[in-house]
Amino acid sequence: MFNNSSKILFITIMIIGTLITVTSNSWLGAWMGLEINLLSFIPLLSDNNNLMSTEASLKYFLTQALASTVLLFSSILLMLKNNLNNEINESFTSMIIMSALLLKSGAAPFHFWFPNMMEGLTWMNALMLMTWQKIAPLMLISYLNIKYLLLISVILSVVIGAIGGLNQTSLRKLMAFSSINHLGWMLSSLMISESIWLIYFFFYSFLSFVLTFMFNIFKLFHLNQLFSWFVNSKILKFTLFMNFLSLGGLPPFLGFLPKWLVIQQLTLCNQYFLLTLMMMSTLITLFFYLRICYSAFMMNYFENNWIMKMNMISNNTNMYLIMTFFSIFGLFMISLFYFMF
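According to the working numbering, the sequence shown is numbered sequentially starting from 1.
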């Protein structure tokens, strides 16, 4: 990849693009911010040495350009309605805007580009796509008030995110389907309140960062690498799989806290059918996480004798273990803090 100075430049412009969208007071301004964000993210994706990343950046450009075109078209329609008093149904234009934003964020039923594209990215780019690139579209979705379309998207996202991950051996695709599932939860929290969405997004970003940080250090891309890799360090192996369970939302870990908040708010809003569907889908995601972790947690697990000792990168692994501590015991610490004060 190109040198760090241009990387820093593009990351800065990407952040500025998102901030323009979030602080914009018109759809045109929001569209402009999204375009700046898109055009600065593409150079970060493309890598001359890797054909997969070039293909991924092209896929990303085409899908985002389509979504931007639809968004611009619908915002012009809204402008025509407001300025020229044309007989255009406002809920129809809002629906078009909503579908364009769902396509931008990669929520079901507009998710088809997302797992395929994730397969061609490096871990750091994948992390940016799963976390930062979701902020602007989700903020814009929160301005629209089309409950039924959002409800359909939530149900499809949680179901597809759960079922899609069942048969995967690629860790990047696994994280992509997990991201679609979490996006369903985030959209449902947007229906209730923005503050809960922000809390959920923060925790999800943290847990995704911990996992992708680890995958990036050891260059892990497929499931079979996990089983044969951490032969020498049992602590690293256990903490890695604990983080998987935390991301899935298993109760004693930190990943359960944002889900807990969403569950509580949905019960207060009497959304029992939606809540049941979401919890069932989360059980499916937990099933495939547990299936991965099961063999590692077994004490009599078969290990290869011939794997060479790997050199641990001490500073990075120490930082990872600190973050893992918060991921595993974070819920206990927050509960203690809450009850003490």
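Since the hints were derived computationally from the structure, they do not count as laboratory data. Cβ atoms here follow ideal geometry from the backbone N, Cα and C, with glycine treated the same way. Keep in mind that the hints are not guaranteed to be accurate.
Below, simulated SDA-like cross-link-like pairs (lysine to any residue); rule was C-alpha separation at most 20 Å, straight line [what the hints assert, rightly or not]:
1) 173 / 284
2) 81 / 70
3) 219 / 50
4) 59 / 78
5) 173 / 132
6) 59 / 147
7) 147 / 284
8) 234 / 173
9) 237 / 147
10) 173 / 96
11) 147 / 216
12) 81 / 59
13) 173 / 222
14) 234 / 147
15) 7 / 216
16) 219 / 250
17) 237 / 257
18) 237 / 264
19) 234 / 317
20) 234 / 272
21) 7 / 81
22) 237 / 217
The following label-pair restraints were derived from C-beta to C-beta distances [what the hints assert, rightly or not]:
23) 297 / 69: 45 to 51 Å
24) 251 / 29: 26 to 32 Å
25) 96 / 268: 45 to 51 Å
26) 9 / 251: 40 to 46 Å
27) 79 / 225: 50 to 56 Å
28) 5 / 287: 20 to 26 Å
Each hint tested on the structure:
no., hint, in the structure
1, 173 / 284, "holds (16 Å)"
2, 81 / 70, "holds (17 Å)"
3, 219 / 50, "holds (15 Å)"
4, 59 / 78, "violated (29 Å)"
5, 173 / 132, "holds (18 Å)"
6, 59 / 147, "violated (30 Å)"
7, 147 / 284, "violated (26 Å)"
8, 234 / 173, "violated (26 Å)"
9, 237 / 147, "violated (43 Å)"
10, 173 / 96, "violated (28 Å)"
11, 147 / 216, "violated (39 Å)"
12, 81 / 59, "violated (33 Å)"
13, 173 / 222, "holds (9 Å)"
14, 234 / 147, "violated (47 Å)"
15, 7 / 216, "holds (18 Å)"
16, 219 / 250, "violated (26 Å)"
17, 237 / 257, "violated (24 Å)"
18, 237 / 264, "violated (33 Å)"
19, 234 / 317, "holds (13 Å)"
20, 234 / 272, "violated (41 Å)"
21, 7 / 81, "violated (42 Å)"
22, 237 / 217, "holds (14 Å)"
23, 297 / 69: 45 to 51 Å, "holds (49 Å)"
24, 251 / 29: 26 to 32 Å, "violated (42 Å)"
25, 96 / 268: 45 to 51 Å, "violated (32 Å)"
26, 9 / 251: 40 to 46 Å, "holds (43 Å)"
27, 79 / 225: 50 to 56 Å, "holds (52 Å)"
28, 5 / 287: 20 to 26 Å, "violated (45 Å)"
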